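Participant: Sequence:
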Amino acid sequence: PSINGKTKTNWNNFRNHINLAENLNNTIINSTNDLENLVEKFETLILDAKIAASNPIPNSQTYIDPRIRELNNERNFVRKTFQRNRDPVLKAILNKLNKKIKKLNDKIETDNYTKTLTDVNTDDGTFWNFTQPFKRKKHTIPTLLGPTSIAQTNIEKANCLAESLEKQFQLNDLHHNDTETIVRDSVEKFLNSSPNSYTDFPPPHNDELIKCIKNLNKNKAPGYDGIDNKIILNLPINCITTLSIIIENIMKFGYFPTRWKTATVIPILKPGKDPTDHVSYRPISLLPSISKIAEHLILSRLNDHLEENNILIPEQFGFRKNLSTTHQLLRVTEFIQEGLNNKQKTGAVLLDIQKAFDRVWQDGLIHKLINYNIPHYLIKIFHSYLSNRKFAVKVNNEMSQNKTIKAGVAQGSKIGPVLFA
Numbered sequence: 001p002s003i004n005g006k007t008k009t010n011w012n013n014f015r016n017h018i019n020l021a022e023n024l025n026n027t028i029i030n031s032t033n034d035l036e037n038l039v040e041k042f043e044t045l046i047l048d049a050k051i052a053a054s055n056p057i058p059n060s061q062t063y064i065d066p067r068i069r070e071l072n073n074e075r076n077f078v079r080k081t082f083q084r085n086r087d088p089v090l091k092a093i094l095n096k097l098n099k100k101i102k103k104l105n106d107k108i109e110t111d112n113y114t115k116t117l118t119d120v121n122t123d124d125g126t127f128w129n130f131t132q133p134f135k136r137k138k139h140t141i142p143t144l145l146g147p148t149s150i151a152q153t154n155i156e157k158a159n160c161l162a163e164s165l166e167k168q169f170q171l172n173d174l175h176h177n178d179t180e181t182i183v184r185d186s187v188e189k190f191l192n193s194s195p196n197s198y199t200d201f202p203p204p205h206n207d208e209l210i211k212c213i214k215n216l217n218k219n220k221a222p223g224y225d226g227i228d229n230k231i232i233l234n235l236p237i238n239c240i241t242t243l244s245i246i247i248e249n250i251m252k253f254g255y256f257p258t259r260w261k262t263a264t265v266i267p268i269l270k271p272g273k274d275p276t277d278h279v280s281y282r283p284i285s286l287l288p289s290i291s292k293i294a295e296h297l298i299l300s301r302l303n304d305h306l307e308e309n310n311i312l313i314p315e316q317f318g319f320r321k322n323l324s325t326t327h328q329l330l331r332v333t334e335f336i337q338e339g340l341n342n343k344q345k346t347g348a349v350l351l352d353i354q355k356a357f358d359r360v361w362q363d364g365l366i367h368k369l370i371n372y373n374i375p376h377y378l379i380k381i382f383h384s385y386l387s388n389r390k391f392a393v394k395v396n397n398e399m400s401q402n403k404t405i406k407a408g409v410a411q412g413s414k415i416g417p418v419l420f421a
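Anchor point for the sequence shown: position 378 equals 378 in the UniProt record's numbering, and the numbering is continuous, going up by one each time.
What the hints contain is simulated information worked out from the structure, not anything from laboratory work.
Don't take every hint at face value.
[Stated by the list, open to error] The following label-pair restraints were derived from C-beta to C-beta distances:
id : residue 1 : residue 2 : range
1  : Lys8      : Pro417    : 35 to 43 Å
2  : Lys355    : Pro202    : 52 to 60 Å
3  : Leu20     : Asp274    : 28 to 36 Å
4  : Ile336    : Pro202    : 39 to 47 Å
5  : Glu398    : Val332    : 40 to 48 Å
6  : Ile28     : Leu191    : 50 to 58 Å
7  : Ser300    : Val349    : 54 to 62 Å
8  : Ile284    : Ile28     : 16 to 24 Å
9  : Leu20     : His176    : 57 to 65 Å
10 : Tyr372    : Asp119    : 49 to 57 Å
11 : Val349    : Asp178    : 26 to 34 Å
12 : Asn192    : Leu340    : 53 to 61 Å
13 : Asn206    : Pro66     : 18 to 26 Å
14 : Asn192    : Thr140    : 16 to 24 Å
[As the list claims (entries may be wrong)] Within a straight-line C-alpha distance of at most 20 Å, the following computed PhoX-like cross-link-like pairs (lysine-lysine) qualify:
id : residue 1 : residue 2
15 : Lys214    : Lys91
16 : Lys91     : Lys80
17 : Lys321    : Lys211
Computed from a prediction, not measured in an experiment: that's the story for all the values here.
C-beta atoms are modelled at their ideal positions from N, C-alpha and C, and glycine is treated no differently.
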């Protein structure tokens, strides 16, 4: 099922539809195939309920103020009369009416704009809706010059950009056979010795899920499945339980559902770059919203282990709770101040790694997690999470063919930045 166009949803009907549907919480899960089937049924249940509880919003007609409508009617009558007999007196009246309509129309527009401006506030989102048109400039992707051809239609542009990005998500040549052998043997040994299922993990609870869901931004764009955060915020409690069961089995089997490993990529032109060049676009990845909730719970368990065992060095400030670039800037300032006090010069070496997130060696990452003694169920989840990921580029309403990601951590994910760190 899919949701197309603008709709208005009755959320009470949405929840009632789900509550009357098949109860998925009694599903027996004995394998990863069972888990995949449950995820598919869960998504279908949600989308079916959304469609059943939604009605299309008709295209709104332009509102015309009654005063303008009355003057328009009068002006049209005078114009028709003038066209028949060409009376100069009627011409003067027509010109006067046109000026009157324009003046009144300008006043109405100014009054409406002033009212909108005085009514906006940050509590109900009207402020952000008001400022968006000033901040965001929509760029239409022009004809692209690809490596071997010219892309003119939307589908051609999407496929051209997808092929370019596929080359970006490739592993660099390591040029170190001994290291490659050590890492490959380490990962193979871990996977071959891993049990089919785990029990030594803190299971998710509904309260943990509800807390996570309450913090969702309802304005975030959804992934390919069309299930956005507003839908998730309106799920009934039995759906929360179903999601909890899904995440518990992700941890049990050390397996991340295949359906959640495909990203929709929106190309955004880099500032100052040639819009006709296929390499001038930055990929913005949209992942399924439900998958990011699962990521949140998995990530919290990883962070707990990292903090409890002091695995991250104290100088690591990025992607850590209660730490930010502000703290790092303060640290740099203290170094500079100390140098000034001691009449010494302070230097800095700044390193910018090109395509850093996109070129991470996945097996090398798993090898490091093994050496850090990360809980085995988490390592197996991360191996599954990173393996066989796919993406498709969207240009307007056209989607490219799915492409495979062979390196890097997932863009747009919650887990990716911490794994990179």
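Participant: A separate judgement is required for each hint: does it hold in the structure or not?
Facilitator: The hints, checked one at a time:
1. Lys8 x Pro417: 35 to 43 Å: Given a distance of about 36 Å, which is inside 35 to 43 Å, the answer is holds.
2. Lys355 x Pro202: 52 to 60 Å: Given about 35 Å between the Cβ atoms, the range is violated.
3. Leu20 x Asp274: 28 to 36 Å: violated, 55 Å
4. Ile336 x Pro202: 39 to 47 Å: Holds: the Cβ-Cβ distance is about 43 Å, inside 39 to 47 Å.
5. Glu398 x Val332: 40 to 48 Å: 46 Å Cβ-Cβ, so the 40 to 48 Å window holds.
6. Ile28 x Leu191: 50 to 58 Å: With a Cβ separation near 26 Å, isoleucine 28 and leucine 191 fall outside 50 to 58 Å, so the hint is violated.
7. Ser300 x Val349: 54 to 62 Å: The hint (54 to 62 Å, Cβ to Cβ) is violated, given that serine 300 and valine 349 are roughly 34 Å apart.
8. Ile284 x Ile28: 16 to 24 Å: violated, 39 Å
9. Leu20 x His176: 57 to 65 Å: Cβ of leucine 20 to Cβ of histidine 176: about 60 Å, so the range 57 to 65 Å holds.
10. Tyr372 x Asp119: 49 to 57 Å: holds, 53 Å
11. Val349 x Asp178: 26 to 34 Å: holds, 28 Å
12. Asn192 x Leu340: 53 to 61 Å: Once the Cβ atoms are compared, 57 Å apart, the range 53 to 61 Å for leucine 340 and asparagine 192 holds.
13. Asn206 x Pro66: 18 to 26 Å: violated, 54 Å
14. Asn192 x Thr140: 16 to 24 Å: The hinted range 16 to 24 Å is violated for asparagine 192 and threonine 140, with Cβ atoms some 51 Å apart.
15. Lys214 x Lys91: violated, 64 Å
16. Lys91 x Lys80: Distance ~11 Å between lysine 91 and lysine 80 Cα, so the pair holds.
17. Lys321 x Lys211: holds, 17 Å
Going down the numbered hints, you'll see the structure goes against 2, 3, 6, 7, 8, 13, 14, 15, while the others check out.
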